[in-house]
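Protein chains in written order, with numbering that gives the first Met the number 0: chain A, 0 to 321; chain B, 0 to 328.
Since the hints were derived computationally from the structure, they do not count as laboratory data. Do not rely on the hints blindly, as some may be mistaken.
What the hints assert, rightly or not - Restraint ranges, calculated between C-beta atoms of paired labels, are given here:
(1) A/V80 - B/P62: 29 to 37 Å
(2) B/D79 - A/Q242: 19 to 27 Å
(3) B/G77 - A/T108: 55 to 63 Å
(4) B/H157 - A/A282: 22 to 30 Å
(5) B/P64 - A/A84: 53 to 61 Å
(6) B/A202 - A/A309: 30 to 38 Å
As the list claims (entries may be wrong) - To list a few chain A residues with every Cβ distance to chain B over 10 Å, as calculated:
(7) Y11
(8) C26
(9) N193
(10) N214
(11) Y241
(12) A251
(13) I278
As the list claims (entries may be wrong) - Which stretches of chain A does chain B cover? Using the computed rule of at least three CB atoms under 8 Å from a CB of chain B, they are:
(14) 261-269
(15) 299-308
Every residue gets a Cβ at the ideal spot worked out from N, C-alpha and C, and that includes glycine.
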Amino acid sequence: MSLLTVKNLQQYFPVRGGVLHRAVASCKAVDGVSISLGESETLGLVGESGCGKTTLGKAIVRLLKPTSGSIEFDGHDITRVSTGALRPMRRHLQMIFQDPAESLNPRHTVRDILEEPFIVQKIGTKDERRQWVVKLLDKVGLSASVMDRFPFEFSGGQRQRIGIARAIALKPKLIVCDEPVSALDVSVQSQVLNLLLDLQREMGLSYLFIAHGLNVVKHMSDRVAVMYLGKIVELAPAVDLYQNPRHAYTKALLDAIPIADPTQRRERQLLRGDVPSPINPPAGCAFGHRMKHPKWKESVSMDLTLQEVAPGHWVQPCPCCT
Amino acid sequence: MTAASSSILEVRDLVTAFDTDAGRMTAVDGISFNVPQGKTLGIVGESGCGKSVTAFSITRLLPQPHGKILGGSIRFNGQDLVQVPIDEMQKIRGNEISMIFQEPMTALNPVQTVGRQLAEAILLHSGCSKAEVLASSIEMMKKVRIPEPEQRLSEYPHQLSGGMRQRVMIAMALINKPKLLIADEPTTALDVTVQAQILELIADLQKEMGMSVILITHDLGVIAQVCDEVAVMYAGRLVEQAGVFDLFARPRHAYTQGLLESIPRLDSTPKTKLKAIQGNVPGIADFKPGCRFADRSGREHTEAQLNTRPPFVEIAPNHRAENCPVCVA
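Sequences and hints are given; from them, build the entire structure.
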């Protein structure tokens, strides 16, 4: 049974304008996404900036109120649950953010930051919490002596370790990792990725791993979903996706990766244009529309629900891109 | 090293420091390299290694009054840019040496139209008429493949996408046909798909105009795809320099090896452990006199190796490295 099941999730934001500040349009950041995630599994999520991957992550941990659709987590429907009713569930549903400098309170010491989850959930005595904090620091590779320091005293990689320690404090089942290494130096990125892999093995965590670096996503994931303009266009086992991409957008993304090997230089099929705005997105296949594909018109009247083309390999069935 | 006559820029023993409340901080600590004529030199390194400070030293754009070039020379076109008076430098900058920056939104003026900013770049270095300025602006906008250039000229930077803004930056940098372009992380703020477009654009224009390029980046993938020569910087110094094929096939310094091994590759097995460099990038206040990679190399260094700077020498044909006997095997 899967731990997380998201069905046809939509997350719209009103665009306000005019003198009365009324909603004049809506920004369709996430527009009908269905995914599922099993225990100890990592689902990678890639796409260009503005495609809605962060919004999807935030909606899943319910930092947002979804517009429609459903999110089922660990057997409970959490789509419309109130904040109070959600609190016991939050233990199992955590998030790691891109910029550790901005997601740690600068006026709190490491101890305050790591004790807070326990205090919010009303778990343990003062002494117990202290011991747990020491254990957490050890788990993420920091010494207990840093407990009374403030976030600014750490390097980026160490700060991200603190962010990870906070996320695993309550032994969650699912962690949404939103670009966890893109703000870090290259030599430190692999340390943090290794830590995430170790913790997953040790604690049986599931990850929704969001990133724009495709080589990183491939390395971390069991399955990968490719998102374009609020929709998933392809979803497949990691190796399969990279070896046999079916959708034109996935192919274009893969083609654009600069490979760190000068003997593998190649002529690229460059993508034209930019990601269109999610306010009033084009009908049908948005990528076919961007590429001005002659068959794009056919996709407008079609049902673009993902179809399974090989075991576990799902792709949007538009005539222009597949 | 290539013969001196075929280099457009020769940097020798460059030392750049900043005066701060905590004392003098040496950000670039005696580095030497050449930029071959018509080729691309990549400078790769992590944050705080001094790669951007090197670029700002060459263009003499160091923040004043704190940033100073304390020693060394930068030979360009028979002149030493370190000694050139600042008003003379203004004639060179934007004309013979141009620079593009990481974040085009902060490098462009938000309250002036694209056309006006392009015109400024032309007018500063020539006495063209209005019609000539407009004609060459439009021509340049076409060269950087901006659609509807006439209309774009009257727009403001915020009306353009990130990729378009970087194209405008490139148009401004290249409009006076410079001999040397310094691109400081030109694609870091962009998506991979747009990055590929911009890198190809720079390479095409380089071929067409015959200019030399210094490309500064932290991304070894970008280096591998577009550079001819690579210089690896660590903690204010060059640790290794070689031709791109040589460097990726036979990295000699432990830091270069560690960097190359730590990147997740597309052909690696998912969810296996990556090789990692231990520890963190040192801050400028913690720079050591001897081998600066010693504490992260995982290899034992003697007291003398920690205290004396290893020489930067040729260790193989056209392959130079900071020759720490422990880190260079």
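To see whether the hints hold, each was checked on the structure:
no.	hint	in the structure
1	A/V80 - B/P62: 29 to 37 Å	violated, 52 Å
2	B/D79 - A/Q242: 19 to 27 Å	violated, 54 Å
3	B/G77 - A/T108: 55 to 63 Å	holds, 58 Å
4	B/H157 - A/A282: 22 to 30 Å	holds, 28 Å
5	B/P64 - A/A84: 53 to 61 Å	holds, 60 Å
6	B/A202 - A/A309: 30 to 38 Å	holds, 37 Å
7	Y11	holds, 22 Å
8	C26	holds, 16 Å
9	N193	violated, 5 Å
10	N214	violated, 5 Å
11	Y241	violated, 6 Å
12	A251	violated, 6 Å
13	I278	holds, 14 Å
14	261-269	holds (count 6)
15	299-308	violated (count 0)
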